[in-house]
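Engineer: So you can see what is in the structure, the chains are spelled out below.
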Amino acid sequence: MEKEILVLNEVSFAYQKKKVLHGLSLTLHELDYMAILGPNGGGKSTLLKLILGLLTPSDGEIQLFGLSPSQSRSQVGYLPQILDVDLSFPISVLEVVMMSQLKTGCLTWFNDTDQKKARHALDQVGALHLSSRPIGNLSGGERQRVLLARALVHQPKLLILDEPTCSIDPETSLHFFEVLNHINQHTSILLVSHDIHGVSKYAKKTVYLNRHLQTTSPDSSCIAPEFLCCEKE
Amino acid sequence: MLLLNDLCSLPFFQHALYACVLLSIICGIVGSYVVLKKLSFLSGSISHSAFGGIGMALYYGFNPLLGALGFGVLTAILIEWIRQHFQQERHVLIALVWSLGMSIGIIFLNLYKGFAPDLNAFLFGNILLCGLDDIVIMACFSVLILALNVLYFRSLQAISFDEEYARVINLPVKTLNFLLSIFIGISTILLIKAVGITLAIALFILPAAIGKNLSYSLKKIQYIAIFFTLISTFIGVFLSYLYNQPSGPVIVLTLSFFYLLSTFIKKTLRLF
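Taken in order, these protein sequences are the chains called A and B. For the first sequence, this note's numbering assigns the number 1 to the initial residue and increments by one for each residue that follows. For the second sequence, this note's numbering assigns the number 1 to the initial residue and increments by one for each residue that follows.
Next up, chain B with everything else stripped away, as it sits in the complex:
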């Protein structure tokens, strides 16, 4: 307990804990739509294509996070457009965007002559390195996500459940889908800081999947996802500091444990 108190008094550890809270809100809400609309490929594609933005930003000398954000949002819009217009070839096109972003990133990094920053921070993330500026960005975005979810919850639920019917009742399906894609894009990029490009998809999928195992109400799934992201990131941050391991993989391992546990509970108790 003493160790925990000591840790919590350290500014960088406090920042990590704030990041955990804010990322939990983002993952719990956006992740539930990713899982229910079966868009896990979209978040994987966005996080990997962001590497192209990081490489380009380093080469042209601007903030890598901005490069990743630009590439991530562009990828999200492109994939939603592909989803709406190319039903048959969409899996191929999404995989293409996924690998294209990575390839662009690698080529730009190869062309870059200066001092290359530690790429592990982008590939595997480290929530303990979140600065105050990162926290401010995450806080603003969390508020935006919460507002969108409160105001458009029923419409987002409708387009996730039955998109065709949502069009029949004249909901702005295309606009809502693009909006959701952009939010998935931004959320994914923010997750890179915590768990990296390679593991961002897990932080989106696993908490919402745990929620889906334990409830049949979208609202409850979001609460459960927020709760389990919070618990897992707290445990992950604490263990990674204690055992000097990267935070991303420890968080994902913790979430995977909770996911397996929830699957076991669902099967054993035959929930709904």
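Next up, chain A with everything else stripped away, as it sits in the complex:
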């Protein structure tokens, strides 16, 4: 029996009085590859933030590796939406990747082992040659590979990705999904995406979220039109 790593039990969430998610229940097992599809405003990114413990559910319970998200998120690698990252910030690729190895609440600098791990993670996603470049000078695809390396550097058990292919061309996007597929051999994956083609080819499970959840097989042909437009209030 595969081990449960993420359990959502009747989770709801509201921004002030506006309810964004209604009674979601979901289970993710070890080495699963689950994709969450759905329209803009359907609550996909909010769901990821709840799973990461950045937001607190208004109802229901979330268990990540048997604990609350804020207790266990150190076992998670996270790739945020590219729009959330300040690309004009003066920071090199290597510094971005090493960021994941900062220790909580203590004096913070990096040693040789940290550098080696960061370089290994960059090598894993084929971005080692970019290590001294500024993050703002990279193409969309290169940037996503760097952020993926940052998410992988501390060898997480679960990788959570928010719209990883939204700013890259179809060919690069397909390559990105192939890299993810390779990572899935040893790491569970949960991703939010609009890329139905890439998701349907590689994800083992697909969930449709438009404030409510619906699980179906990973076949793009079964995506009903009602899931591609936001549910009216």
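Hints should not be assumed to be uniformly reliable.
Unchecked claim - According to the in silico footprint, chain A covers these stretches of chain B (three or more CB under 8 Å from chain A):
| hint | region |
| --- | --- |
| 1 | 146 to 160 |
| 2 | 168 to 178 |
| 3 | 208 to 218 |
Said to hold, decoys possible - If you only want the chain A side, here are some residues facing chain B, beta carbon under 8 Å, derived:
| hint | residue |
| --- | --- |
| 4 | Leu52 |
| 5 | Ser74 |
| 6 | Pro90 |
| 7 | Pro134 |
Note that these hints are calculated values from the structure, not bench results. All values derive from a computational prediction rather than experimental measurement. Backbone N, C-alpha and C define an ideal beta-carbon position, used for all residues, glycine too.
Add chain B to chain A, keeping to what the hints say.
Structural biologist: Structure of chain B alone, referenced to chain A:
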């Protein structure tokens, strides 16, 4: 050269030069975080609200610098709390704190019956009037800033670059933000002595902005900001004494020139 040697032998001029060195360290380090975290409004708000503390201190008869420091730190904490809890209305609230401090200051000064000190010293500053006690305070604070920057550089870099991710990797984001805000508050108040309430924001923003034009490494930006603050304050102090002009505006004009020059260099050479 003779004039420069003569000037440097004067105690008040020596104090001004020490203040330049110490303020350069403070501005270079704290200013880089102000620019990168886009907190220029925060420093503007703190410096202007400090006027409330100055007015209150004069009315109740205690040291105006202490009043400014109290108001500045309180404002910094209040604004960080607003930033964390009121995302939508934060610009309005920051502007409110900005004007509220000024208003409180003006009312208390109006109520004050005694001999009012020269307000120009607070509004526009004069680095040539820095006393030994000011230098000691600046030196202690510079050491504190340097220590914080060395010990927490990577964490401060992380929360400035990607605050959400910093929370995911369990960095103490709230504590670091409050700490940074308090340091911005204290630094701003110390700057008032040199360039005054109205120009303090420039000394924070311009050196770090010059650094950002010339480098993509946070550490190098800090070195560049320290260097240009030092050069500009030295030039400012010297010219203001030579031409009998207030030091604050001369320093800001010098920094503005260097900022425009760095922008031109960045555009012309297409740096990174």
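Engineer: So which hints don't hold here, by number, going up?
Structural biologist: Violated hints: none; all satisfied.
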